[in-house]
Amino acid sequence: MDIETEEKNGILIVRPQEMRIDASNALEFKAAMLEIVGNGYVNLVVALASLKFIDSSGLGVLVSVMKTIGSRGEIKLCEAEGDVKSIFELTRLDKIFSFYHSESEALNSF
Amino acid sequence: MNRVFDNPDHIRKAEIVVGIPSFNESDSIGSVVTCVDKGLSRYFPKKDAVIINVDNNSPDDTRRAFLKIETRTPKMYISTPPGAKGKGRNVHNLFEAGVELGAKTIMMVDADLKSITPQWIQYFAEPVAMGNDYVIPIYVRHKYDGTITNNITYPLTRILYGLRLRQPIAGDFAFSGRLARAYLTEKTWNENIAEFGIDIWMTTIAIARGFKVCQTFLGAPKAHRAKDPGSDLGPMFHQVVGTVFLLTSEFEYLWKDAAESRPTNIFGFGLGVKEDPPVISVNKDGLFQKFLSGSEDFQAEWKQVIAPINLEDLLHMRNKTVEDVVFPSDLWARILFDFIVAFRDEYDKRSQLLKSLIPIYYLRTLGYINATRKLDTKDAEDFLENECLLMESEKYYLIAKWNQTPRKDGIPSIAQYLSK
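Residue numbers (this note's numbering), protein chains in the order written: chain S, 864 to 973; chain H, 690 to 1109.
The hints are simulated quantities; they were obtained by calculation from the structure and are not laboratory data.
Worth double-checking, as some hints may not be accurate.
[Claimed, not checked] For lysine to any residue, the following SDA-like pairs were computed, each having C-alpha atoms within a straight-line distance of at most 25 Å: (1) Lys992(H) <-> Lys948(S); (2) Lys973(H) <-> Asn879(H); (3) Lys735(H) <-> Glu759(H); (4) Lys1044(H) <-> Lys1063(H); (5) Lys958(S) <-> Pro952(H); (6) Lys871(S) <-> Asp885(S); (7) Lys948(S) <-> Glu941(H); (8) Lys945(H) <-> Met864(S); (9) Lys948(S) <-> Asn1008(H).
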C-alpha cells in the first residue's frame, strides 16, 4: 500500500495514496499504521485527500490504531470529503475522531 | 392450533396467570407448582389467579404430575397437539390463554427451576401492576453459566437496541395482558421462535415495539439444569442466535439510531444475597479442539463471511495454547457483525453460517473463561460490563458494513444509492 509520511515537530502526517481502503487492502493499511505507532509516533495526522471510499475494515483500522495509541497521543483526520466524510458521520465516528479541513489546521490543533 | 385442554376448575377469567412451559418435566414440575401456589396465596390472596402448565404433550406424563399436585390456586393444563414440540409453541398457548382469561399480569417460570421462591411471584407481578409491560429477571449466575447470554444475547441487545437487560433469554418473565395481545399479532413469529428462539424474541419485541421494559431482582442464584458451555449446543444455538440475527434485519430502522446503551430500571435490591451460584465445570481442551477443527471444516465459510482484517487475527489464535487464549472483545464484536450482514444476504446458507459460527463462539467462551478464571462472581460481572462497552464501541463497523455491502435481494445499499 502506498502511504506517504512526513514528520513535523514530532507529529507524523500520514497520507494514504490509495483511492479506496477496503477489505482488499485493510490488512496492509493496518500493518503500516501499526508499524508507525510501533516506531514511537503516537501523534498522527491522517490526511484523507486521495481517498474516495473507505469501508468498515478501513474504519476498523483507524479505530484500532486510536485504541492502540490510547492516552499516549492522538490521531486526527483531515481533508475527508464526500462519501468518506459521510460514512464517518453515518457511523458516528465523527464524534470520536477530530476532523480538520487541512493538514495545517490539524497540525496546529496539537 | 388444536390444543389439548384440561380445566378441572372451570376457570373463565383470571387477573394473574402463571404459566409453566414444560417437556418431560414430571420429576421437577411439582416443586415449582408448589412454590408458585405459595407465592400467589401469600402475596395476592384476593386476586383471581390460575396456574397453567403449557406442555408439549410430554410422554413422561407431566400432565398427570402437574394436575395431581394439591394447590389453593386453580390449575389448567394446555398441551400442543401430539407431535408439535417447542417451548415457543407452549408460550404461544400461554399468550392465548392469558388473553382469553382477560389476565392483566402473566408470568412464566421454567419447570426445571430449583431456586424459585414464593417471593419471585411478588417480584415479577408488582412491576407489571406498576405499569411495566415486560419484566425480566436479574439473578446471580455462575460466571460460566449462560455463555450464550454473556457473549451474544446480552451484548447484542445492548448494542442494537440500547438497553442493558442482563438476562434477555432468562426463560422466566412477566408481561402485561396488553403485551400478550401484541405478541399474538406479531408478524415476525416463525418456526425458530416456536422453539428455543422464544425468549430472545419476546425480549426484542417488547423493546422494539416500544413497550415499557424493566428488570426485577430475584436475589437467589438461578439453579436449574446448567450445562458445561462446551457441551453440545444442539438446535439451541441456531434458534437463539438465528432469531437475534433475523430480528436485526427486521428492526434495522431502530438499531442504526440507537446510541450508547443505558441502564434499565430495576425493582428490588441485591442486598443480602451471599449464596454462591452452583458451580459449572468446563472442558477447556474440548472448547479449543472444537475451534481448531472448526477452522479446518469451515475454512470456506469463514473466508467468505469474515473480513480479512478480522480473519487474520482469529486464525492467529490457532497458535496459542489453551491457557493463553484471549479473545479481544472488539474482534469478537466485528466477527459477529460480519456474520449478521452475511446472514441478511445469504438466505439459502443461513443454517450453515450459524454452524460455522459455533467454533468461534467456543473460542470466545474459552477466552472468557481464561480471563475470568481468578475472578469471583462480582468481579466477573464487572469484567463483562467492560467487555460489553468495548463491543458497543465497535458498532460503527456494523453500520458501515450493513450499508456498504450490496444486498442480494435487489435493494441497493445506501452507499450504492448515494453514489448514483
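*Structure-inconsistent hints, enumerated in ascending order*: 1, 2, 4, 6, 8, 9
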